[in-house]
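Here the protein sequences come in this chain order: A and B.
So the first sequence is numbered by this note's numbering: it starts at 1 and just counts up by one.
So the second sequence is numbered by this note's numbering: it starts at 1 and just counts up by one.
Keep in mind the hints are simulated off the structure, nothing from the lab.
Where hints are given, some of them may not hold.
[As the list claims (entries may be wrong)] Output of the computed footprint for chain B on chain A, the stretches with three or more beta carbons under 8 Å from beta carbons of chain B:
no. : region
1   : 12 to 20
2   : 103 to 113
3   : 120 to 134
4   : 159 to 171
Where a beta carbon is used, it is the ideal one built from N, C-alpha and C, also for glycine.
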Amino acid sequence: MLNDYTNKAVLVTGGTRGIGLATGLAFGRAGAQVYLTHRWGSADEDQVRRQFDEAGAPAPQIVEADVSVDADTKQLMQLIRERHDRLEALMINVTVVPTTDGIQSLSKRALFKSLDYSTWPLVSYLQQAHKTFERYPRYVVGTSTDGVTHYYEGYDYVALTKAVMEVLCRYLSTHLGSEDIRFNVVRTRNVITESALAIHGEDYPEFVRKYGGEPHFVQAREVGDTIFALCSGLLDALNGQIVHVDNGGPFSDNLMRLYRRRAEFGL
Amino acid sequence: MIPNDYADRVVLVTGGTRGIGLATGLAFGRLGAQVYLTHKWGTSDEDQIRRQFSDAGAPVPYIVEADVAEDEDTARLMEQIRGEQDALEVLVSNVSFAHLGKGDVPSYKKRSLMTTLGYSAWPLVGYMQQAHRTFGRYPRYVVGTSSDGADSYYPGYDFVAASKAVLETLCRYLATHLLEQDTRVNVVRARPVSTDSLRATFGDEFEPFLRKYGDERFMIDVEQVADAVLAVCSGWMDAVSGEVILLDRGVAFCDNLMRLFEDRDKYGL
Numbered sequence: 001m002l003n004d005y006t007n008k009a010v011l012v013t014g015g016t017r018g019i020g021l022a023t024g025l026a027f028g029r030a031g032a033q034v035y036l037t038h039r040w041g042s043a044d045e046d047q048v049r050r051q052f053d054e055a056g057a058p059a060p061q062i063v064e065a066d067v068s069v070d071a072d073t074k075q076l077m078q079l080i081r082e083r084h085d086r087l088e089a090l091m092i093n094v095t096v097v098p099t100t101d102g103i104q105s106l107s108k109r110a111l112f113k114s115l116d117y118s119t120w121p122l123v124s125y126l127q128q129a130h131k132t133f134e135r136y137p138r139y140v141v142g143t144s145t146d147g148v149t150h151y152y153e154g155y156d157y158v159a160l161t162k163a164v165m166e167v168l169c170r171y172l173s174t175h176l177g178s179e180d181i182r183f184n185v186v187r188t189r190n191v192i193t194e195s196a197l198a199i200h201g202e203d204y205p206e207f208v209r210k211y212g213g214e215p216h217f218v219q220a221r222e223v224g225d226t227i228f229a230l231c232s233g234l235l236d237a238l239n240g241q242i243v244h245v246d247n248g249g250p251f252s253d254n255l256m257r258l259y260r261r262r263a264e265f266g267l
Numbered sequence: 001m002i003p004n005d006y007a008d009r010v011v012l013v014t015g016g017t018r019g020i021g022l023a024t025g026l027a028f029g030r031l032g033a034q035v036y037l038t039h040k041w042g043t044s045d046e047d048q049i050r051r052q053f054s055d056a057g058a059p060v061p062y063i064v065e066a067d068v069a070e071d072e073d074t075a076r077l078m079e080q081i082r083g084e085q086d087a088l089e090v091l092v093s094n095v096s097f098a099h100l101g102k103g104d105v106p107s108y109k110k111r112s113l114m115t116t117l118g119y120s121a122w123p124l125v126g127y128m129q130q131a132h133r134t135f136g137r138y139p140r141y142v143v144g145t146s147s148d149g150a151d152s153y154y155p156g157y158d159f160v161a162a163s164k165a166v167l168e169t170l171c172r173y174l175a176t177h178l179l180e181q182d183t184r185v186n187v188v189r190a191r192p193v194s195t196d197s198l199r200a201t202f203g204d205e206f207e208p209f210l211r212k213y214g215d216e217r218f219m220i221d222v223e224q225v226a227d228a229v230l231a232v233c234s235g236w237m238d239a240v241s242g243e244v245i246l247l248d249r250g251v252a253f254c255d256n257l258m259r260l261f262e263d264r265d266k267y268g269l
């Protein structure tokens with residue numbers, strides 16, 4: 001059965017841009033009351049509202065909240081509690097990490113800080129949601145990357161924080177097995193968002209397009225739609241899973257594929 | 001014999017005075033290596049460890065107190081080795097500090113996760129960085145020890161599993177950073193190994209339970225893990241880097257209710 005999201009509360013962290021925004025829009029189209037958080041002096045709020053309006057979605061609530069600050073999390077949950085009895089879906093999307101440059105650049109402090117922003121909110125938001133609503137959200141989804149198992153330059157901290165997120169997903173779903181909650185992670189790759197360009201550089205998409213092609217990109221909307229599917233009611237038997245949204249790309253992202261098409265690529 | 005000659009070569013094993021660490025030290029010691037075993041928790045009887053090395057025909061090991069979470073201890077340890085030896089051939093990063101949770105969500109504490117990572121994952125990096133500072137190069141072989149907790153449930157094991165996921169991901173990335181160098185980084189991932197640490201973590205009854213409803217294959221011996229670590233460093237597997245090698249006797253695949261159902265008569269279920 002499909003869930004009715006009309007006036008249901010959905011919270012998306014890092015929700016004013018990229019994958020977060022696309023996810024918010026997917027729920028908004030279904031009539032949900034979407035709460036989008038941001039920290040970094042977000043994108044143009046008017047433009048975000050206009051996109052919701054054009055999608056026929058209720059106006060979203062845009063809230064400034066630093067995911068690593070517990071007081072912000074608490075305040076945010078209370079804000080939602082004033083208007084809703086339950087938080088229906090929670091999407092943990094924020095990733096804030098420094099890039100890396102080889103082994104000597106790695107530091108424990110930077111790793112821990114990365115975990116603070118990019119992994120721990122999965123737990124702290126869940127705990128705070130339970131304190132505020134006296135129950136867990138029905139759906140929790142985290143966003144991960146295939147950087148956990150595939151190399152991306154400068155990406156060490158992203159991969160490490162997502163590896164922890166994926167393991168916590170399995171454990172949390174086990175702890176909460178008897179409750180009405182599903183806990184899954186969407187693992188994607190090459191979603192060309194502002195943050196992806198900031199990490200990989202402006203030339204990266206063109207290179208992937210040249211030697212890979214469109215299947216090696218995933219659109220933010222495709223990720224948002226998959227997250228919505230996980231929360232749609234159709235996949236309620238799915239729990240503690242890592243769902244790959246990657247067009248099957250990683251399997252053939254290798255030299256053999258380039259070799260086979262070497263004439264075409266001039267290699 | 002294995003291709004590499006370990007006579008007088010230096011092998012450092014963290015958490016080396018008990019369990020998997022000690023067995024690994026002995027495996028290298030039998031080949032004549034100069035083995036450094038570190039410990040933190042007021043280790044077991046040092047004389048007894050030296051006797052085990054002596055009985056194995058191995059050179060006397062160096063037993064050094066060093067907390068893997070303390071950078072100063074790591075620096076001091078490397079300086080000590082540098083004062084006594086020319087190079088560090090093998091680093092086995094074995095310490096795992098099991099900060100067990102209650103197994104429920106409200107009791108999750110960020111500090112516990114960070115502490116567990118500091119002991120069970122970060123030393124792989126901290127030791128490599130310090131080894132490079134001290135010796136001007138990385139060890140030829142780096143091996144971390146992991147468990148299958150990242151993919152299979154163990155009660156209270158949440159943060160240890162998370163730290164093993166970090167260790168395994170670090171292994172892949174570090175190996176890539178070192179592609180151009182004569183260094184391999186691998187992880188040996190074992191299912192439950194019969195050690196004091198296992199009993200301290202899950203209680204005395206876990207191992208008998210595994211043997212009752214599984215069979216002998218459900219437990220791994222410390223010697224099997226040690227042998228696998230040695231194999232990765234033997235010279236036979238120099239083309240293997242950035243890998244997580246699973247030691248499970250094939251059991252992970254069938255550790256499920258279907259297997260119990262299939263053999264329900266045998267188990268009286």
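**OP:** Starting from the hint list further up, note which numbers the structure goes against and sort them upward.
**Re:** 1
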